[in-house]
Amino acid sequence: MHRFANPGRFQRLAARLLPWLKGLTALAFLAGLYLALLASPPDYQQGETVRIMYVHVPAAWMALFAYLLLGLASASALVWRHPLADVAAAALSPVGAAFTFIALVTGALWGKPMWGTYWVWDARLTSFLLLFFLYLGHMALLGAFDDRSRGQRSAAVLALVGLINLPIIKFSVDWWNTLHQPASVARFDGPSIDPSMLWPLFTMAAAFHLYLLAAVMERMRTQLLAARLRTQRQARFETWQGEPGA
Amino acid sequence: MNSVETFLAMGGYGAYIWPAYGVALVVLAAIWIDGVWRRREIERQLRALEGQSRSARGRGGIES
Numbered sequence: 059m060h061r062f063a064n065p066g067r068f069q070r071l072a073a074r075l076l077p078w079l080k081g082l083t084a085l086a087f088l089a090g091l092y093l094a095l096l097a098s099p100p101d102y103q104q105g106e107t108v109r110i111m112y113v114h115v116p117a118a119w120m121a122l123f124a125y126l127l128l129g130l131a132s133a134s135a136l137v138w139r140h141p142l143a144d145v146a147a148a149a150l151s152p153v154g155a156a157f158t159f160i161a162l163v164t165g166a167l168w169g170k171p172m173w174g175t176y177w178v179w180d181a182r183l184t185s186f187l188l189l190f191f192l193y194l195g196h197m198a199l200l201g202a203f204d205d206r207s208r209g210q211r212s213a214a215v216l217a218l219v220g221l222i223n224l225p226i227i228k229f230s231v232d233w234w235n236t237l238h239q240p241a242s243v244a245r246f247d248g249p250s251i252d253p254s255m256l257w258p259l260f261t262m263a264a265a266f267h268l269y270l271l272a273a274v275m276e277r278m279r280t281q282l283l284a285a286r287l288r289t290q291r292q293a294r295f296e297t298w299q300g301e302p303g304a
Numbered sequence: 008m009n010s011v012e013t014f015l016a017m018g019g020y021g022a023y024i025w026p027a028y029g030v031a032l033v034v035l036a037a038i039w040i041d042g043v044w045r046r047r048e049i050e051r052q053l054r055a056l057e058g059q060s061r062s063a064r065g066r067g068g069i070e071s
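Going line by line, the protein sequences match chains L and D. Each residue of the first sequence is one higher than the one before, starting from 59 at the first, in this note's numbering. Each residue of the second sequence is one higher than the one before, starting from 8 at the first, in this note's numbering.
Since the hints were derived computationally from the structure, they do not count as laboratory data. Ideal placement from N, C-alpha and C gives every residue a C-beta, glycine not left out. Please note that a few of the clues may not be correct.
[As the list claims (entries may be wrong)] A few chain L residues that face chain D, going by a derived Cβ cut-off under 10 Å, partial list only:
| id | residue |
| --- | --- |
| 1 | A117 |
| 2 | A149 |
| 3 | V153 |
| 4 | V163 |
| 5 | T164 |
| 6 | R291 |
[Stated by the list, open to error] So the derived list for chain D, only partly shown, Cβ under 8 Å to chain L, looks like this:
| id | residue |
| --- | --- |
| 7 | A31 |
| 8 | I38 |
| 9 | G42 |
| 10 | L56 |
Could you put the whole structure together from the sequences, leaning on the hints where they help?
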């Protein structure tokens with residue numbers, strides 16, 4: 059990992075990897091959509107609405123995974139001042155917010171025909187809505203200060219405090235007796251889903267993973283270019299100040 | 008009902024399934040396009056700055 063700590067090296071690596079990542083992401087989404095919409099059977103209880111799960115569940119997994127990465131990046135930014143950590147954190151929160159939004163909306167669209175309601179204030183849904191606001195808060199804090207490093211530090215502290223929400227989301231369906239069903243894939247005794255439904259789920263999950271990687275890499279490139287722009291503007295300003303008669 | 012209509016109807020749940028896929032597609036595409044536009048805007052400003060700057064020589068151009 060240390061080999062990629064150098065921003066210049068990261069830029070070269072990202073420029074080489076991104077075209078491949080984009081292609082792989084598109085292929086994975088095509089395969090995932092084919093399996094989710096055409097090649098898999100309807101569920102015996104949920105009927106065709108099970109197809110919403112192939113978007114909802116991977117989006118929710120990615121929303122949690124991206125937040126875990128945001129927490130790690132924030133910790134290494136605060137503790138070790140890793141040069142890429144703040145860049146990664148700023149790149150992660152908009153993508154994570156997008157996954158969280160997708161999970162919330164697709165969940166509501168599944169809930170209406172299956173539970174009879176778009177929304178209930180149960181523990182899982184409420185803690186997931188909080189996750190969405192944590193992402194939005196992180197993005198807002200980053201841009202809230204004239205001094206960039208102050209914004210980065212406050213956003214990193216918020217991200218770290220928000221980590222406590224992750225176990226609450228994960229175990230909310232076990233701790234509280236709520237409407238949201240417990241886990242059926244990440245179980246100690248193995249998944250309780252038929253393979254014909256696991257394949258579309260895992261393919262879509264792979265596509266979402268690749269998308270996260272590509273979108274975050276793209277945004278990290280932009281963050282690093284923006285840092286170079288700021289440095290050069292500063293340098294020009296200082297040159298201009300130093301000129302006689304200026 | 009032909010097979011396309013059957014497919015679109017999704018056993019009567021089409022009104023929930025298609026919006027779910029639609030929202031996911033629109034949000035993922037929007038976040039992606041927003042990221043690309045941001046990078047292009049920064050690259051444009053960098054090019055403008057480095058184009059007029061003498062000291063930009065030797066620092067390397069924009070990797071795209």
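Results of checking the hints against the structure:
| no. | hint | verdict |
| --- | --- | --- |
| 1 | A117 | holds, 7 Å |
| 2 | A149 | holds, 8 Å |
| 3 | V153 | holds, 6 Å |
| 4 | V163 | holds, 5 Å |
| 5 | T164 | holds, 4 Å |
| 6 | R291 | holds, 7 Å |
| 7 | A31 | holds, 5 Å |
| 8 | I38 | holds, 4 Å |
| 9 | G42 | holds, 5 Å |
| 10 | L56 | holds, 5 Å |
Consistency note: the structure conflicts with none of the earlier hints.
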